[in-house]
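Residue numbers (my numbering), protein chains in the order written: chain C, 7 to 330; chain V, 7 to 330.
Hints may contain errors.
When chains are identical, the list treats them as one kind, so a pair holds in a single copy or across two.
For lysine-lysine, the following DSS-like pairs were computed, each having C-alpha atoms within a straight-line distance of at most 30 Å [said to hold, decoys possible]:
1. 324 with 52
2. 97 with 265
3. 317 with 262
4. 324 with 41
5. 41 with 317
6. 265 with 324
7. 324 with 21
8. 76 with 313
9. 313 with 281
10. 265 with 317
11. 281 with 317
In case anyone wonders, no lab produced these hints; they're calculated from the structure.
As the structure is a computational prediction, the values presented were derived from the model and not from experiment.
2 protein chains.
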Amino acid sequence: MKEISNLINYREGVKVVDATLRDGGLVNDFYFTDKFVRDLYLANIKAGVDYMEFGYKADKEMFDVNKFGKWKFCSEEDLREIVGDNNTDLKIAVMADVGRCDYKNDIIDRSESVIDLIRVATYLHQIPTAVDMIEDAHKKGYEVSCNIMAISTAQENDLRAALDILGKSPVDVFYIVDSFGAMYPEQLQRLAAVYTEFADKYGKKVGIHAHNNQQLAFANTIEAVGDGVDYLDATYSSMGRGAGNCAMELLLGFLKNPKYNVYPVFRFIEEHMNKLREEGVVWGYDMQYLMTGLLNQHPRSAIAFTKDNRKDYAEFYKEIIIMD
Amino acid sequence: MKEISNLINYREGVKVVDATLRDGGLVNDFYFTDKFVRDLYLANIKAGVDYMEFGYKADKEMFDVNKFGKWKFCSEEDLREIVGDNNTDLKIAVMADVGRCDYKNDIIDRSESVIDLIRVATYLHQIPTAVDMIEDAHKKGYEVSCNIMAISTAQENDLRAALDILGKSPVDVFYIVDSFGAMYPEQLQRLAAVYTEFADKYGKKVGIHAHNNQQLAFANTIEAVGDGVDYLDATYSSMGRGAGNCAMELLLGFLKNPKYNVYPVFRFIEEHMNKLREEGVVWGYDMQYLMTGLLNQHPRSAIAFTKDNRKDYAEFYKEIIIMD
Numbered sequence: 007m008k009e010i011s012n013l014i015n016y017r018e019g020v021k022v023v024d025a026t027l028r029d030g031g032l033v034n035d036f037y038f039t040d041k042f043v044r045d046l047y048l049a050n051i052k053a054g055v056d057y058m059e060f061g062y063k064a065d066k067e068m069f070d071v072n073k074f075g076k077w078k079f080c081s082e083e084d085l086r087e088i089v090g091d092n093n094t095d096l097k098i099a100v101m102a103d104v105g106r107c108d109y110k111n112d113i114i115d116r117s118e119s120v121i122d123l124i125r126v127a128t129y130l131h132q133i134p135t136a137v138d139m140i141e142d143a144h145k146k147g148y149e150v151s152c153n154i155m156a157i158s159t160a161q162e163n164d165l166r167a168a169l170d171i172l173g174k175s176p177v178d179v180f181y182i183v184d185s186f187g188a189m190y191p192e193q194l195q196r197l198a199a200v201y202t203e204f205a206d207k208y209g210k211k212v213g214i215h216a217h218n219n220q221q222l223a224f225a226n227t228i229e230a231v232g233d234g235v236d237y238l239d240a241t242y243s244s245m246g247r248g249a250g251n252c253a254m255e256l257l258l259g260f261l262k263n264p265k266y267n268v269y270p271v272f273r274f275i276e277e278h279m280n281k282l283r284e285e286g287v288v289w290g291y292d293m294q295y296l297m298t299g300l301l302n303q304h305p306r307s308a309i310a311f312t313k314d315n316r317k318d319y320a321e322f323y324k325e326i327i328i329m330d
Numbered sequence: 007m008k009e010i011s012n013l014i015n016y017r018e019g020v021k022v023v024d025a026t027l028r029d030g031g032l033v034n035d036f037y038f039t040d041k042f043v044r045d046l047y048l049a050n051i052k053a054g055v056d057y058m059e060f061g062y063k064a065d066k067e068m069f070d071v072n073k074f075g076k077w078k079f080c081s082e083e084d085l086r087e088i089v090g091d092n093n094t095d096l097k098i099a100v101m102a103d104v105g106r107c108d109y110k111n112d113i114i115d116r117s118e119s120v121i122d123l124i125r126v127a128t129y130l131h132q133i134p135t136a137v138d139m140i141e142d143a144h145k146k147g148y149e150v151s152c153n154i155m156a157i158s159t160a161q162e163n164d165l166r167a168a169l170d171i172l173g174k175s176p177v178d179v180f181y182i183v184d185s186f187g188a189m190y191p192e193q194l195q196r197l198a199a200v201y202t203e204f205a206d207k208y209g210k211k212v213g214i215h216a217h218n219n220q221q222l223a224f225a226n227t228i229e230a231v232g233d234g235v236d237y238l239d240a241t242y243s244s245m246g247r248g249a250g251n252c253a254m255e256l257l258l259g260f261l262k263n264p265k266y267n268v269y270p271v272f273r274f275i276e277e278h279m280n281k282l283r284e285e286g287v288v289w290g291y292d293m294q295y296l297m298t299g300l301l302n303q304h305p306r307s308a309i310a311f312t313k314d315n316r317k318d319y320a321e322f323y324k325e326i327i328i329m330d
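Just need the whole structure built from these sequences, with the hints factored in.
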C-alpha cells in the first residue's frame, strides 16, 4: 500500500513544477504572448505551484533567435520583464540540455539572477557532461535537478551506475523522465524504487516528468507520489510535446496540501488554452502518439505525422512497425 | 505486486467487452449508421474482442422509438440484420437497466436469440429488482452480469451486503462501475479486493467499467486486471457518456494475449471515429467532466454544460461547488 494511501493526507515535501512554457514551447516554438506568460505566472502563484519552468537556456550559436520565441533562451532581461525580482513563493526554473547549452557563459551567478533551479536534461550516455553542468550550476548557487530522459529505454544496470555517479554530484533532484510515454504505473513503481534507493543513500530527492501517449501521465504521476517521488511536473491542459504531459488541473485536483488551489488553473485554461488550440497549436493524446508510446519509440515520427495533417493511422502504424 | 506484474504474460480468463454502441449511444441517442455497426462488429471479430454490447433493451412504453436509434431497444430483428446467426467467437451483449426494461416480455429465450450476455445495470438500492432480472435472464439461458453503478458513492458495508445477495443469485459477473469517473487506482485496488473476496466465495467473476473524467479510465482498468478483475469494458476512441470510457485502442495495446490484435481498432477509428466528431458528436475528457469526477458527482450538470456549448469553466466550477 502507498505511503499516502488514504488519499486524504499529504506529504509536505511534495513540490509541483509547472512545465507549460518549456514543454509546451516545443509545440509552438516558444511563441507565447507576454500576456499568456504573465497570466500563467500569476495563476501559478495563486494556485500554490512551487516552481515555474520558463523555458530553455538554449545556445544561441546553435539555435537561430529569429526562429524561436524568447523562452527558448530565457535571458535574464526577458525573465525580469515578467517577474521583476520575483518576490513571491514561486520559484523560477529553466532547463539546460546537455550539448545544447553554453552553460559556462549563459548561466550567470544565482546572486544576479531570478532563476532558482537549473534542470539539466540528459540522456543516460551523457551523464559525465551532465555532472559538469550540475557542478557548474551548483557552484553558481542554484538548486539543480538532473532529468534523465527516455528512461523507458534504459537498462537497469546503466541506470544504477548513473544514479551512483549523480549521487556523488551536488545535484538535488533525480528526475524520472518518461519521454516516450511508454511506461505503465507498475513499471513506474519499480523504477521509482531504484531511484529512491539511490536518493535515500545520497540524500537526494526524486522527481517525475510523464508523457500522455497512453493517457497515463497523470496515473503515473500519482503512482509516483505514492512511491515517494516528491517533484511532480505538470502542464496546463497537458500542453507539451506530442501527447503532452500530466495535466496541472488533474494534479492540483488530486493533491491535498491546502496550499494548492485548482481554481486559478481552471480560470487560466478558460482564458488561454482553448484559444491556443483554436489558433492551430496542436498537442495531446492521439493515435499516432499512442502507437509510438506502445512501441517505446521516440515520438518524432508521430510529430511529423501530426505536422503533415495525416489521419491515416493504420498506414502510420505499419510504417513504424516496419521501422521497429 | 500484481498478478501479471511482469507485464509480459497474460491471464486466459481476461475478457474484453466492447461497449461502444451502448455507452457511445448515450451521446448520439443511438443513431449509428448500419455501416458503422457492421464495421464495428467486423473490427471486433478481427481484434479478438470477446463481447460486443449492442445497446440497451429499453422499455418502449417508457422511451419513444421515434426519439432514439434502434440500438436503444436492440430488437432481435435489428441484431440479426447485422450479425445473422453470429457464427463467430464474438459474443453479443445487451444492457438492461433496472426500472427501464420490460425484461419479462422483451427478453426472449436465449435459444431463440443471438444474444449471449444480459448486463443488468443497477444502483445499489435496487439490488432486489436486479436479482429478479438476473434470475429471469439466467432461467432463459443467458450469461448474466450485474453492473453496480455509481460505485464511488457506495458505503462499503452496503456493497458487502449487496455482493452477498448477488453471490447467492445465478449472476456470473459482478461489475465495478465507476459512473462518475471519480476513483483513483489505489481506491480501485481496495474496491477490487472487496469484489474479488465475494467473487471467490461464490464462484463469480469480476468486471470493470471505468469513466475517463480524470483520464484514469485506462489506468483504473489495468490496475483492476492486476487485481484479478477479468471482464474489461472499453470503447473505441473512448466514446461514451461525458468524458467517455477506457479506450479500446489503449486496452488492446496493453493486453498480451495473442488472440488480441489492435490493428483493426486503428483501422476502424481511422474510418469512423474522427468522422463522428466532425459530424458534431461530442464526448471525451474536458474540464467540466474533470470537475464532476473530482467532486464525485453525477456528470449530468457537465453534460448540460457541454450541450449548451459553454466554455466558462470557472463559472461552472463555482456552480457545482455551491451545489456540493
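Going down the list of hints, with the structure as the test:
1. 324 with 52: between (47 Å within a copy, 17 Å between copies)
2. 97 with 265: Answer is within; shortest intra-copy Cα gap is 15 Å, inter-copy 51 Å.
3. 317 with 262: Only across copies: residue 317 and residue 262 sit 26 Å apart there, 40 Å inside one copy, limit 30 Å.
4. 324 with 41: Between. Shortest inter-copy distance 25 Å satisfies the 30 Å Cα cut-off; intra-copy 43 Å does not.
5. 41 with 317: between (34 Å within a copy, 20 Å between copies)
6. 265 with 324: between (48 Å within a copy, 19 Å between copies)
7. 324 with 21: between (41 Å within a copy, 26 Å between copies)
8. 76 with 313: Classified as within: same-chain Cα gap 22 Å, cross-chain 40 Å, threshold 30 Å.
9. 313 with 281: Result: close both inside a copy and across copies, 19 Å intra and 20 Å inter.
10. 265 with 317: between (43 Å within a copy, 27 Å between copies)
11. 281 with 317: both (23 Å within a copy, 11 Å between copies)
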